[in-house]
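Undergrad: Those protein sequences? They're chains A, B and C, same order as listed.
Each residue of the first sequence is one higher than the one before, starting from 4 at the first, in the working numbering.
Each residue of the second sequence is one higher than the one before, starting from 38 at the first, in the working numbering.
Each residue of the third sequence is one higher than the one before, starting from 5 at the first, in the working numbering.
There could be a bad hint or two in this list.
[Said to hold, decoys possible] Straight line, CA to CA, 25 Å or less: simulated PhoX-like cross-link-like pairs of lysine-lysine:
id	chain 1	residue 1	chain 2	residue 2
1	B	44	A	241
2	A	227	A	108
3	B	131	A	208
4	B	87	A	139
If you are wondering where the hints come from, they were derived from the structure by calculation, not from laboratory data.
Computed from a predicted structure; not experimentally measured.
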Amino acid sequence: MPLRRSVRLAPLALLLVIAVSLPVPAQTPKSGGVLRTHPLSAPPSLSPHEESTIATVQPASACYNNLIYFDPAKKQEGEGTIIPELAERWSWQDGHRNLVFLLRKNVKWHDGKPFTSQDVKYTFDAVRGAPDAAAKLRVNPRKLWYDNVEHIETPDPHTVVFRLKRPQPSLLLMLASGYSPVYPAHVPLADLKTKCVGTGPFKLKEYRPGEFVELERNPDYFVKGRPYLDGVKWVIVKDRSTQIAALQAGQLDVAGSGWNKANWETAKSGKPDLVTIEASSNVNVNVLVNFKKPPMTDPRVRQAVNLALDRKAYQAGPALGAATFGGAMLPRPAGVWGLPEAEVAKLPGMGDAAKQKTQAKKLLADAGFGASNPLKLTVSTRAIAIYVDPASWMVDQLRQIGVDAVLEQIETGVWHPKMTRLDFQVALNLTGIGIDDPDANFFENFKCGSQRNFSGYCSEDIDRLMVQQSQTLDRAARLKLVNEIDRRLQHEGARPVLGWGKQFYAHWPYVKAFPLHDNSIYNTSRYQDVWLDK
Amino acid sequence: MRGYVAKRLLIALVTLVGMSMVIFSLMRLAPGNIVDVIFESAGYVDQADKRLLERELGVDRPIPVQYARWIGELLQGDLGKSYRYDMRAWTIIKPRLPVTLELAGLALLFSIVLGVPAGVVSAARQNRPIDYVLRVLSLAGLSMPSFWLGMVIILLFVRSLGWMPSVTYVSPFEDLRANLWQFVVPALAVGYRSSALIMRITRSAMLEVMREDYIRTARAKGVWTRLIMRRHALRNAMLPVVTVIGLEFAFLIGGLVVTEQVFNINGIGKLFVDATARGDFNLIQGLVLLIATIFVLVNLVVDLLYGWLDPRIRLR
Amino acid sequence: MAIVAATPSVQAETLPKRANAFVQFVKVQPLGVVAFFIILLYVVFALGARWIAPFDPEAIDFAAMLSRPNAEHWFGTDQYGRDVFSRIVYGARTALAVGILSAVSGCTLGALVGAASGYFGGRIDNFIQRIVDIMLSFPIIVLAMVVVAVLGKGNIGGVDTNLIAAIALPIVPKMARVARASTLSIVAMPFIDAARAAGFSHKRIILRHILPNIIAPYLIMVTAFMAQAILLEASLSFLGLGVTEPTPAWGLMLSGTSADFYQTAPWMIVFPGLAITLAVFAFNLFGDSLRDWLDPKLKG
Numbered sequence: 004m005p006l007r008r009s010v011r012l013a014p015l016a017l018l019l020v021i022a023v024s025l026p027v028p029a030q031t032p033k034s035g036g037v038l039r040t041h042p043l044s045a046p047p048s049l050s051p052h053e054e055s056t057i058a059t060v061q062p063a064s065a066c067y068n069n070l071i072y073f074d075p076a077k078k079q080e081g082e083g084t085i086i087p088e089l090a091e092r093w094s095w096q097d098g099h100r101n102l103v104f105l106l107r108k109n110v111k112w113h114d115g116k117p118f119t120s121q122d123v124k125y126t127f128d129a130v131r132g133a134p135d136a137a138a139k140l141r142v143n144p145r146k147l148w149y150d151n152v153e154h155i156e157t158p159d160p161h162t163v164v165f166r167l168k169r170p171q172p173s174l175l176l177m178l179a180s181g182y183s184p185v186y187p188a189h190v191p192l193a194d195l196k197t198k199c200v201g202t203g204p205f206k207l208k209e210y211r212p213g214e215f216v217e218l219e220r221n222p223d224y225f226v227k228g229r230p231y232l233d234g235v236k237w238v239i240v241k242d243r244s245t246q247i248a249a250l251q252a253g254q255l256d257v258a259g260s261g262w263n264k265a266n267w268e269t270a271k272s273g274k275p276d277l278v279t280i281e282a283s284s285n286v287n288v289n290v291l292v293n294f295k296k297p298p299m300t301d302p303r304v305r306q307a308v309n310l311a312l313d314r315k316a317y318q319a320g321p322a323l324g325a326a327t328f329g330g331a332m333l334p335r336p337a338g339v340w341g342l343p344e345a346e347v348a349k350l351p352g353m354g355d356a357a358k359q360k361t362q363a364k365k366l367l368a369d370a371g372f373g374a375s376n377p378l379k380l381t382v383s384t385r386a387i388a389i390y391v392d393p394a395s396w397m398v399d400q401l402r403q404i405g406v407d408a409v410l411e412q413i414e415t416g417v418w419h420p421k422m423t424r425l426d427f428q429v430a431l432n433l434t435g436i437g438i439d440d441p442d443a444n445f446f447e448n449f450k451c452g453s454q455r456n457f458s459g460y461c462s463e464d465i466d467r468l469m470v471q472q473s474q475t476l477d478r479a480a481r482l483k484l485v486n487e488i489d490r491r492l493q494h495e496g497a498r499p500v501l502g503w504g505k506q507f508y509a510h511w512p513y514v515k516a517f518p519l520h521d522n523s524i525y526n527t528s529r530y531q532d533v534w535l536d537k
Numbered sequence: 038m039r040g041y042v043a044k045r046l047l048i049a050l051v052t053l054v055g056m057s058m059v060i061f062s063l064m065r066l067a068p069g070n071i072v073d074v075i076f077e078s079a080g081y082v083d084q085a086d087k088r089l090l091e092r093e094l095g096v097d098r099p100i101p102v103q104y105a106r107w108i109g110e111l112l113q114g115d116l117g118k119s120y121r122y123d124m125r126a127w128t129i130i131k132p133r134l135p136v137t138l139e140l141a142g143l144a145l146l147f148s149i150v151l152g153v154p155a156g157v158v159s160a161a162r163q164n165r166p167i168d169y170v171l172r173v174l175s176l177a178g179l180s181m182p183s184f185w186l187g188m189v190i191i192l193l194f195v196r197s198l199g200w201m202p203s204v205t206y207v208s209p210f211e212d213l214r215a216n217l218w219q220f221v222v223p224a225l226a227v228g229y230r231s232s233a234l235i236m237r238i239t240r241s242a243m244l245e246v247m248r249e250d251y252i253r254t255a256r257a258k259g260v261w262t263r264l265i266m267r268r269h270a271l272r273n274a275m276l277p278v279v280t281v282i283g284l285e286f287a288f289l290i291g292g293l294v295v296t297e298q299v300f301n302i303n304g305i306g307k308l309f310v311d312a313t314a315r316g317d318f319n320l321i322q323g324l325v326l327l328i329a330t331i332f333v334l335v336n337l338v339v340d341l342l343y344g345w346l347d348p349r350i351r352l353r
Numbered sequence: 005m006a007i008v009a010a011t012p013s014v015q016a017e018t019l020p021k022r023a024n025a026f027v028q029f030v031k032v033q034p035l036g037v038v039a040f041f042i043i044l045l046y047v048v049f050a051l052g053a054r055w056i057a058p059f060d061p062e063a064i065d066f067a068a069m070l071s072r073p074n075a076e077h078w079f080g081t082d083q084y085g086r087d088v089f090s091r092i093v094y095g096a097r098t099a100l101a102v103g104i105l106s107a108v109s110g111c112t113l114g115a116l117v118g119a120a121s122g123y124f125g126g127r128i129d130n131f132i133q134r135i136v137d138i139m140l141s142f143p144i145i146v147l148a149m150v151v152v153a154v155l156g157k158g159n160i161g162g163v164d165t166n167l168i169a170a171i172a173l174p175i176v177p178k179m180a181r182v183a184r185a186s187t188l189s190i191v192a193m194p195f196i197d198a199a200r201a202a203g204f205s206h207k208r209i210i211l212r213h214i215l216p217n218i219i220a221p222y223l224i225m226v227t228a229f230m231a232q233a234i235l236l237e238a239s240l241s242f243l244g245l246g247v248t249e250p251t252p253a254w255g256l257m258l259s260g261t262s263a264d265f266y267q268t269a270p271w272m273i274v275f276p277g278l279a280i281t282l283a284v285f286a287f288n289l290f291g292d293s294l295r296d297w298l299d300p301k302l303k304g
């Protein structure tokens, strides 16, 4: 008698199950092709040490190397994902007071000169503004990052020692950031603004300001077999709709820098073949509050403003459903230093909207404002779309609690000078944090007297705690301190956060190994492992 | 004729010098410091660093000294430096000039090809339906914002023809077909508006000439109308039309500035808008002078051409 | 004295008497009448915006963002959920206000400069003409952009005075040219010499005799420049240099984030653009008709 049908089919089914569950062998990367993509906006220069915008880091990253870097393939950056670049090995010594790097040998700069420890000392002496530095950066936004470095020694051409004033485990992460490339000691700093001379996988082919940055493969790159690409072309496209259309038409291979969810969906709906990826971004929309100028000197007014901004409405409105919420540090799970979720839910603005708006009105009344004497507030912001959208929403929310709010748009060239002068009442701001680390965030934005502390906020207590957490080696203890600082900053309304953003990218299926990190936008543009399956 | 040429040259020179003074002082009057743009992308402003920079760039000198220095640099062919990009202005402008010139040239071609015949027809059939239709069409063209026309064209073309503005420029020497594909549509958008102006001038010039006695005499004698048109009317009407082409240029530049934005063409117009938005005053200075100089030169050429065409001046 | 009292009646450039003038106009320039009524419609929109517009033009409503034209939102909504039709109605206010203020201030200043230039003649005339030449050397939008770059954004009583200055400035030299030409033709008249011989001050001669005769070209120019002013304001707002959010202005509705969305939500730009085109068209047509009727010789 023939076997029952199901029994005959069983071996076949088993075979299928086995075939499907076997891991698909990774495709072998192919060499060749030029990756075409677009930066967030036109890069002002090609020198990351002199800029604070990702528009420069994006094209420049392909050209340089750091001592150490975050692994492009690992989505969440951290101490555990650091890989060697110009440094082969490193170690902390003397209770995290000295950081020793053993450098790679036989590495050449793009112009053929050899790379040595002198280049490292030159770069970081310039960045930290050392009195005996060989060169001075004309503009130096991240000087504070290296405030704790006492001295940089080069005992031999392949060893560098960073001697610190006090222990600082975060220094390692800061050196791994896209903002910390190593510059050549033999090229004047002024030249590096318009051409890049690095050791990186790609060399600069042509740079036309406002048009494009074109890079080509470095045949002498110290990682053999890399990069896979023949080149990278960063085409500057101003409008989002043109970026979307260019991607859909195949004029770009990858697009998405600066996109919001709506742009992402528009791109995909036109061409369902596109691969869409998203990640958290370490960029938050926040409110700058001028602590030194009435009426925001009154804590009741500050609290009222914070309460009036309904975070859920923000989510439904300008954020288009893509925001995450937290304090000053990137919220979990994308960030590791964020406040616990239960606490975040209780922050001002997170609760019941109607109740909080009533509370806000009452606080304003207590401060002496009301229907007969409305609070007049000017909300300043930068005159570009990603700032104006949430700022317009904010004005609307403030009007709902009886504030006579108006929007003031400030031209880009005048924005920072105005903020630095504290010439505003409240402002809607976007802040991108270089790496998910308290040292990179707190000192720059909240320390008394820091140039980018645009609120004029100053608390000696918090400053002390900042230094304390910076030198705490035990991870759990440090987290407690960081959360404590965050908690207090939120309650004092030092820089209320409306929401944390997301990254939305889209690319054609033939683009492989495109890196995207969950807790930073600045550290993925080297593109040395990206390849095109064409 | 010689006196005429000399006078025209002198006027052009005086105009240029006057313009340079105006531009220079305007830039210095602007709010915000000329040096601020350097700090903008760094995200902070340090007063001490700023003062050092000002001294380095020579911005703290008295204005007449700075002006003299600028003129000196100009005479050596140096248009100044963009503070934002830290590059020589000419290095940034040079690759963009052919782009704008090509767009302007194509637009001018379209405007003449569309405008002159329309003006002739309109004049020949004055006050008939075709005249009204052409006049309304041309007035509509003048009334539309050129960038809006560009956006509407993009909407229509993208939807129906799958055409979209290219994000990278292809030189006509590399690939003529791709280049024209990229430029034809924006040139049409700008050209349509300019053609309206040319149409109106051609029409009124033709009408004027047609009223002249010698034309009426020829007509009365029974000479074939079309012959009259071509031989006498058109030739004499060309005089004011040629003058208008000079005026036209101004109109064209205005259209180009916004059209380059809409069609993502990296020309001088787009550079000018970007520089204004960023407060890169040094670059704006050089750019405005360049644009105005081209202007004055075009007007000079037109003036000289006019002088040569008009026998009253040529034979003096 | 007879000579001074006589109103020169030689030119055709004077304004005819009121009552039958209007009837004549309707007969001879039918297109002009159509244009006039279109302008009237915009004026009604501007003055009665509060009653005509169904929604608050600045009311944000993210739930309704980017909706197609429907029964509730006749022209659809923009990226903030604001009603496009209401913004167009209120936009008429901005357009007409900026247009009138710039055209009138530019033309007035231009007329004074041109009249003085033509009247005084000689070196003053030459000097003024050189400056006028220089200003005419700049493309209009370049001139306006430079003014905006220099002055930034001004604010007197909710009106951006610097924007108005930027738009009025390119008008001044053009009007000056026209006023000068008119003035020159009047100055050549014998009665002016007689007035001067009689000892009348310059001011009196200019005010009493010159200016009344430039009113006709002045009015024509004002309507023509209204059209140019509206277009220029739209261009400047489009470039981000004019009126700013959240003020409803037609040019502004075509720029900024609208550029991101117009390919998926075309109604956001089609309607504001039509509003601009129709307004400018009407002013141009009216100006043309006025000119054809008042002075056929003033063509081109």
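Undergrad: Could you tell me which of the hints above the structure violates, numbers in ascending order?
TA: 1
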